[in-house]
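Asker: With these hints in hand, go ahead and build the complete structure from the sequences.
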Amino acid sequence: MQWTGLLLCLLPAFIHGTPLQEPGSDERVLSLFAVTDSEIRSLSEELYSADVNKADVGDIVLNLQHKVPSADTGKGQDYANQRLFEYVNENKLLTRPTFARLMALLDNYDRMTGTAETVPGSEIQEQDAFLEEIFKTQVINKLYNFLSSKGFYASQLEFKRDLKEMWFGLYTRSKGPLDSSGFEHVFHGEIKSGKISGLHNWVQLYLLEKSGQANYLSYSYDGPWASFPDVMAFQYKWSTYLKSVGSFYIGSSPEFDIAVYTLCYVTRPDKLCDLRIGGQTSKIQTYSWTNSTYGDGKRYVASSYPNV
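FYI, the numbering for the sequence shown is 1 to 308, going by UniProt numbering.
If you are wondering where the hints come from, they were derived from the structure by calculation, not from laboratory data. Where hints are given, some of them may not hold.
[As the list claims (entries may be wrong)] When the alpha-carbon atoms are kept at most 30 angstroms apart in a straight line, the in silico DSS-like pairs for lysine-lysine are as follows: (1) Lys237 x Lys136; (2) Lys298 x Lys150; (3) Lys136 x Lys175; (4) Lys237 x Lys175; (5) Lys75 x Lys210; (6) Lys298 x Lys195.
[As the list claims (entries may be wrong)] Quick list of simulated restraints, FRET-style, between CB atoms: (7) Leu272 x Gln138: 21 to 31 angstroms; (8) Lys92 x Gln280: 21 to 31 angstroms; (9) Pro224 x Gly114: 18 to 28 angstroms; (10) His66 x Lys210: 13 to 23 angstroms; (11) Thr36 x Gln280: 16 to 26 angstroms.
Quick reminder that beta carbons are idealized off the backbone N, C-alpha and C, glycines included.
Answerer: Shown next, in the form of structure tokens:
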């Protein structure tokens, strides 16, 4: 039945000479095969199970201290006398290859929008090394196999090249220099209009707090998970800049974050995306950058994060 439907879709092109549209040339959802919500939930559960690099119970200990209601998240009041991260098993987690490759990227960016990002050859090599490392994992392989089966990509090389463009390709958030990318926004974080913008990676938050650059204030959401990854939302400051609600997958691996953010971005661009992780429901909100494109009209990642 699936092939019958496909032939019916292709028939007008053969009869009338209508050019077929490449997947992703307008919107990524124009794949030859639709992706159902049920398939996304099933795959996300598989990605969770395949994430052998995620933290185990005891590898991360958080000191949440004070929960604030949603009405108070923007006040910037410091309710925490102590740090958020009481303990992280660095020798176990941060020495793993994908974590090490991620951390090598985190010092490549200027957090201020409006300041042009320069990307020397050494940083391009770090991007490629990160991609090479995550492509060794079952998490990314499962994601590729699924997207390939749905007609989004014809080869793993095509997928890897597109992943690099959508995440690391530069664009401007300030109507000026090329000052941003999806990776910088989501994994590193930026300062825009006097506030923290993006920053949805727990490793970056941990490193900022450890170095004294981030000051944890409170939390507003703690998900139902008893193991990692958990979904949480915090209030904190980076120097003097406030993040009123910053959501994270806590304890996940870099490849898991990239995989679920990409899954939702490719299949549910600019929409809420329902996942199933460890038997619980999680939602991701994605946004595409609409002011510039790459390739055949594809759009860069503007943001992708857990919706709480």
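Asker: Hint by hint, say whether it matches the structure.
Answerer: Hint check:
For the given pair, Lys237 sits about 35 angstroms from Lys136 by alpha-carbon distance, which is inconsistent with the 30 angstroms threshold. With a C-alpha separation of about 17 angstroms, the suggested pairing of Lys298 with Lys150 holds against the 30 angstroms cut-off. Under the criterion of a C-alpha separation no larger than 30 angstroms, the hint pairing Lys136 with Lys175 is inconsistent with the structure, at around 37 angstroms. Restraint check for Lys237 and Lys175: the C-alpha separation of about 26 angstroms stays at or below 30 angstroms, so the hint holds.
At most 30 angstroms may separate the alpha-carbon atoms for a hinted pair to count; Lys75 and Lys210 meet this at roughly 24 angstroms. Using a Cα cut-off of 30 angstroms, the hinted pair Lys298 and Lys195 holds, with the two alpha carbons roughly 29 angstroms apart. A hinted range of 21 to 31 angstroms for the beta carbons of Leu272 and Gln138 is consistent with their spacing of about 27 angstroms. Separated by about 25 angstroms at the C-beta atoms, Lys92 and Gln280 satisfy the suggested range of 21 to 31 angstroms.
In this structure, Pro224 and Gly114 break the distance hint of 18 to 28 angstroms, their C-beta atoms being roughly 40 angstroms apart. Separation of His66 from Lys210 is about 21 angstroms and conforms to the stated range, judged on CB atoms against 13 to 23 angstroms. For Thr36 and Gln280, the hinted distance range of 16 to 26 angstroms is satisfied, since their beta carbons lie about 20 angstroms from each other.
Of the numbered hints given earlier, the model fails hints 1, 3, 9; all others are met.
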